[in-house]
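Make a model of the complete structure from these sequences and hints.
2 protein chains.
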Amino acid sequence: VTQPKELREVQQHISLGQFAQAAEELSRLQATDQSDLLETLSEGQAAEVFRFLDPAYQARVLEELSPPRVLRLVETLDPDDRARLLEEIPAEVARRLLSGLTLSAELMGYPPESAGRYMTPEFLALAPGMTAGEALAEIRRKGRTAETIYTLPVVQPDGIVFGVVHLRELVMADPDRRVKDLVDPGIEAVLATEDRERAARLIQTTDALAVPVTDARGRLVGLVTADDAMDILDEEGAEDLARAGGASEPLDRPYFSVSILQLARARVVWLLALAVAATLTVNVLNVFEDTLATVVTLALFIPLLIGTGGNAGAQSATTLVRAMSVGEVESGDLSRIVLREAAAGALLGTMLAAVGFLPVWLFAGGRIATVIALTLIGICAWASLIGAVVPLTARRLGIDPAVASAPFITTLIDATGLILYFLIAHAVLF
Amino acid sequence: VTQPKELREVQQHISLGQFAQAAEELSRLQATDQSDLLETLSEGQAAEVFRFLDPAYQARVLEELSPPRVLRLVETLDPDDRARLLEEIPAEVARRLLSGLTLSAELMGYPPESAGRYMTPEFLALAPGMTAGEALAEIRRKGRTAETIYTLPVVQPDGIVFGVVHLRELVMADPDRRVKDLVDPGIEAVLATEDRERAARLIQTTDALAVPVTDARGRLVGLVTADDAMDILDEEGAEDLARAGGASEPLDRPYFSVSILQLARARVVWLLALAVAATLTVNVLNVFEDTLATVVTLALFIPLLIGTGGNAGAQSATTLVRAMSVGEVESGDLSRIVLREAAAGALLGTMLAAVGFLPVWLFAGGRIATVIALTLIGICAWASLIGAVVPLTARRLGIDPAVASAPFITTLIDATGLILYFLIAHAVLF
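Heads up: the protein sequence lines correspond to chains A and B, in order. With the numbering used here applied, the first sequence covers 1 to 430. With the numbering used here applied, the second sequence covers 1001 to 1430.
A portion of the hints provided could be inaccurate.
Here are the simulated lysine to aspartate or glutamate pairs, EDC-like style, with alpha carbons at most 20 Å apart [unchecked claim]: (1) A:Lys5 with B:Asp1333; (2) B:Lys1142 with A:Glu169; (3) A:Lys142 with B:Glu1169; (4) B:Lys1005 with A:Glu328; (5) A:Lys5 with B:Glu1330; (6) B:Lys1005 with B:Glu1039; (7) A:Lys180 with A:Glu169; (8) B:Lys1005 with A:Asp333; (9) A:Lys5 with B:Asp1033; (10) B:Lys1005 with B:Asp1033; (11) B:Lys1005 with A:Glu330.
Computed, partial: chain B to chain A, Cβ under 7 Å [to be verified]: (12) Gln1204; (13) Ala1226; (14) Ala1238; (15) Leu1271; (16) Asn1286.
Worth flagging that the hints you see were computed from the coordinates, not collected in a lab. As the structure is a computational prediction, the values presented were derived from the model and not from experiment. All C-beta atoms in this analysis are idealised placements derived from N, C-alpha and C, irrespective of residue type, glycine included.
Shown next, in the form of structure tokens:
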């Protein structure tokens, strides 16, 4: 269905030169409407709108356009954006495109989510011996093709990175000062094979608007810029959130452009895996079926107890996932963390037990209340410990810590928490 | 305990001029060691390290320093960073500081998490009629005190924002071109009272390294810069994650600097609220206690069924929270979303039921297997619907959608899912 109001808004943004806003409105249209609209634009306008689209969208639009048009649009993208687009389109289409393009193949050689994938090879490098005045003249001459001129790499004749210099310093400095004396000592380079998040965090925590990316020998191969850093941090946050919510990846395209079948498919694998893991709880309860048949009241508290355990585990898991992603915690800190989380969990459980003891006594009697109170303390301590240990151990073993995220931990706690519950019940009641 | 290795690393970073790295190492020390170290530095060095510290850390360090030293350190901060620091320190200390400072009080007048709190009032504004050459001369003369010179606001004589211009355009342009012809039409201004996330997303989706912030009449009051945008997106991501994991706020200081008591305190309120909500499940089961006593086998599947429902609900809740935060979904889309999520959930439940039917038949017989299969379909559809509707409705009612995040939704689904389970069991078994 064509939505004339949204079409009009796209065209209005384009006529005002607001291409990012036009791209955002365009994202809300159907793929065929999007490509129809792009066909009506001048080459220059289409390219401006196209570069502000998400890679997943660009891929969809391309499938609807004629091949020469596709090639011209893709060529106008920055090389790093081009590399990300190539990931989104079917392999066969990508091969055809690559034969007509330069540079992207090089970026595609780096591992997914590495700094190399997100860098731009279109940088303007300065020499350490230049003066500030010479550097500014060089920027005026050659700066048009560089992705950024705000943070500039300074490179020795052998290609090794000497440092970076900020345009601000060049503009403000005496024109006769040497570039090497204006270098910002706070900005380190990252390796092209390193995690993209390290490059992004460096930009976030320093004054840099770009960090240099080098090969293993320290030679400059590209720059990760602030706009990429923002996308990286946003995507990493979205990934952590999706995993905490029980999905392997966030949706990589806007919500309404995903079909119901795609929604279900994106969720079913994790949900099925979690359900299979949850059959553990059936087995545990099967073992204790006689106890349950004798004291049916015990069944009433099962959802409450395992729910509380799961929540306590999820709290410590998300705290630790975040602490690891900002680098506050290393996998070597394991034993300190075990002690802290178990103690914090036992303290939490004691608070809950203190609040709950009297109401449960009134509802189900003193002995059941004792069982519930002891189980709350035990299950909170155990859950907090598991919630912290599993993501840390996963990282140490080189498994993605997200696999050990909240829903899996919760399921693990469900089964083990039930064992704890029935053991305590046996000890107190029989 | 003084950690000499880390102390040495801080000093080494400082001697190399790597102040961001020095601040990071400093963060790992005890508060008293931090202030001792700062006392040994020159005024300039201390200020450089101090400004790279997190506001929560700055506050701790300040408590250990002598008052005149405190005032001098705080004065070297950018005004927006100063405003955030003032939030972290005790009210009485803040009052004392404010009497010695200018400007911060003004920023503190805007609501928490608004663009006004995160803007810098230290900008350099250009006039529309200036030439590029005149603008560059103005920047050389006055740019030292501005927080950024890369994206510059262009302001009419009446104070109204005309647009923004990028330093890149000024450097590359013919020196005789007018600033007003170089303005980037894609960059909009935000209101000081608007949500900080809107300013950050504008920077993320456009080429801007700053967006102008205006009062209600469109007059320039400050700039939100790219480094603030990165912090905002990172904090918003951390908030969403913390809430998905059942905590009201992310820890605002590094993991190991928080005591066990503080950890427990940060978690207990939500955990207690969730546990109180979970007493609903006890009541539901109490109603069906006779059924449970007759068919104890039904109890075995309770954790599996409510766990699966909770996971399905968490999946759709996190998808929708993310979609809302990037603006893909508005609360007005409610009815479309209800249909999509219920359909996707029913589809998911059918897939799980298809996989599970035979094993449950072998374990517990055909009639129980029928109950479980029907419950899985119903609970997944219901949970996906609830997981989507609750955050959207919360936003429409002006409640923070995070209050409707995964753990609360899970608890709600636990109780309602149990009702569904026993109704289906009654219909099939009796």
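Checked hints:
1. Between the alpha carbons of Lys5 (chain A) and Asp1333 (chain B) the distance comes to roughly 16 Å, so the proposed pair stays at or under 20 Å and holds.
2. About 13 Å separates the Cα atoms of Lys1142 (chain B) and Glu169 (chain A), which keeps this hinted pair within 20 Å; it holds.
3. For the proposed pair Lys142 (chain A) and Glu1169 (chain B), the alpha carbon gap of about 13 Å is at most 20 Å, so the pair holds.
4. With a CA separation close to 17 Å, the supplied pair Lys1005 (chain B) and Glu328 (chain A) stays within the 20 Å bound.
5. A C-alpha spacing of about 17 Å is found between Lys5 (chain A) and Glu1330 (chain B), which places the hinted pair at or below 20 Å, so the restraint holds.
6. With a C-alpha separation of about 19 Å, the suggested pair Lys1005 (chain B) and Glu1039 (chain B) falls inside the 20 Å cut-off, and the hint holds.
7. Distance restraint check for Lys180 (chain A) and Glu169 (chain A): the Cα-Cα separation of roughly 11 Å lies within the 20 Å cut-off, and the hinted pair is therefore satisfied.
8. Pair hint Lys1005 (chain B) plus Asp333 (chain A) holds up; C-alpha atoms about 17 Å apart against a cutoff of 20 Å.
9. Of the pairs offered as hints, the one joining Lys5 (chain A) and Asp1033 (chain B) is violated, with about 62 Å between alpha carbons and a cut-off of 20 Å exceeded.
10. With a CA separation close to 13 Å, the supplied pair Lys1005 (chain B) and Asp1033 (chain B) stays within the 20 Å bound.
11. Between Lys1005 (chain B) and Glu330 (chain A) the alpha-carbon distance is near 17 Å, which keeps this suggested pair within the 20 Å criterion.
12. Nearest Cβ of chain A to the Cβ of Gln1204 (chain B): about 5 Å, under the 7 Å cut. The hint holds.
13. The criterion of a C-beta within 7 Å of any C-beta in chain A is met by Ala1226 (chain B), whose closest approach is roughly 5 Å, and the hint holds.
14. Look at Ala1238 (chain B): its Cβ gets to within about 6 Å of chain A, closer than 7 Å, so that hint holds up.
15. This hint holds: Leu1271 (chain B) has a C-beta 6 Å from the nearest C-beta of chain A, less than the 7 Å allowed.
16. Using the Cβ-Cβ criterion of 7 Å, the hint placing Asn1286 (chain B) at the interface with chain A is satisfied: the shortest such distance is roughly 6 Å.
Hint 9 from the earlier list is the only one contradicted by this structure; the remaining hints agree with it.
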